[in-house]
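Undergrad: Chains A and B, in that order, are what the protein sequence lines are. Mapping to this note's numbering: the first sequence position 231 is 729, numbers consecutive. Mapping to this note's numbering: the second sequence position 208 is 290, numbers consecutive.
In short, the hints are calculated from the structure, not lab data. Positions of the beta carbon are idealized from the N, C-alpha and C atoms, including for glycine. Treat the hints with caution; some may be incorrect.
Stated by the list, open to error - Below, a sample of chain A positions facing chain B; criterion: calculated Cβ distance under 8 Å: (1) V571; (2) F575; (3) A576; (4) A586; (5) G591.
Stated by the list, open to error - Coverage of chain B stretches by chain A, computed from C-beta distances (three or more under 8 Å per stretch; other residues unrestricted): (6) 167-174; (7) 303-309; (8) 338-349.
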Amino acid sequence: MDAYLLAIGTIVLIYALLAIGLNLQYGETGLINFGHVAFFALGAYTSALLALKGWPLPLSFLAAGAIAAFSAVPLGFAALRLRDDYLAIVTLGFSETVRLVIQQEEWLTRGVQGLPGIPGLFTSLAGTPRAWAIFLTLLAVTALAAYAISLLQRSPFGRMLRAIRDNEPAVEALGKNPSGFKIRVFMLGAALAGIAGAFYAHFITFLTPEQFIPLVTFYVWMSIILGGIGSLRGALLGSTLLMFFLEGSRFIRDILPGVAEVQMANIRLAMIGLALVLFVLYRPQGLFGKRPV
Amino acid sequence: MVGFFNLLINGLIEGLIIALPALSLTLVMGINRFPNASAGDTMTFGAYAALGLQYAGVAFFSFAVMGSLIAGALLSWLCYRLVFQRLSRAPMVASLIAAIGIGFMIRSVIGLVAGHDLHTFSLPLVRAWNFDGIRVLPTDLAIAGVALALLILVFCWLKLSPSGRQLRAIADNPDLAKLSGIRPQRLMGMLWLLSGALCASGGVLLGMKAVVMPELGWEMLLPAFAAMILGGIGQPLGAVVGAVLMGIAQELSIPIVGPSYKIAVAFVVMLLVLMVRPGGLFGHVEKVR
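Given these sequences and hints, build the entire structure.
TA: Structure below.
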């Protein structure tokens, strides 16, 4: 039971890290990123492949964050100077393209067969102590990220982000250049997603392109909407609730025997879809937030 | 050279199919001002509706297609009345997220009801015409003909009918349109019926060319978005031209990058257009938030 709860807790923290990044991008700055999973996938595969080549894990984690951050730059240059909705479409396209490349370039990623045998974290420990070590490290990283971003929010940089979100023409009128700030925020969120991906890769130790479908992006959106957009605590709370939901849907199968895994995936898809629609219609501020979507 | 022409013809036909959802996207974008991400899954719905009618024993394929257009139109109208209409005053992102959610729901219901097996329409088998190695399938010609006819019909409606003119007025300036006595309610209903029928027809035609599966439309969404951006957002003619160019680009890229990278081609086209000419071929740059 301990192992199960720790595993769930670890996944919650990975989603929380993703949610913190997306919350910085959308909640603080108003960037609509519909391809968060792409940066997650890039981080996961970068770190996994480098570790398989024998890189020490701390270095491969850093590389994961860096690759994810720099992959955001061309997207930012293409879409951030324009209307908000372009970024949504472009990032969605990017996430599908990244998944396609992972699927097709078998020489690098082994494609749909998946990448097995990724070095795990803390292999010197075993069993429950190892699970605790992973969980606590991730907790420390997530807390650090949350703290750093809360500092950022209170800095002049953070004020500028909220100003961009609320009234971009006014920011321009003051002689500031919003796109520079936006690209930096976009990179920062992507880097967090990349690091979350690295944790995921070395926690699960097996990667396939199927783990990085667009639905994952909307899990993260769901968690920031659940928790209330624009609040850090909301991002953490939202990912916990999301995990309750995702894990809870597993137990539906115990109540309704004979439901195949494929059907379960469909039911989960339908429920996330319905939840997204109902939330934007009836509770745009999320369960606990104050500010509407 | 012969191979090139075959790819070109294929691309042209595929482009005409993409033009249908792209036109639907650009109309909704021009008037309701959000990218309707559920358009892809509405296509899938159209294909499955035609398939269902065919299984149910509708004798003529054209009747099944007609039924699927009606079903698609009604589905899209329902989505508008239940969801998008209520979000018309909310920020754009609310409609966008709702559209994604609706798309998920459509896809999952299709998956639950029809399963994930690949289906094909039962169509009469025909031999391809062969002009010195340039092969033309009569089915493909029929697909292109139907797509072209539908597009012409929509353009006639937009340009010649009073309601089409009113719709364009709303797209241009909603407040001014209201002031001059245009009542948007009825027109919005028509727009969403039309938008759904366009998507459903695109889905059926695509299903005739390939196989029907739950991801059919989702995979067409990005090429359709790319076509819309390439043509200039809110530009109906631009969407069609953009779609044909996209279709040809996708097919011509096959000898270079292989057939699996179609979506990636759409993405690259999108990025290039946004970097080089963000207004698209027919549009102008919009920097409003």
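Undergrad: Which of the listed hints are not met by the structure?
TA: 1
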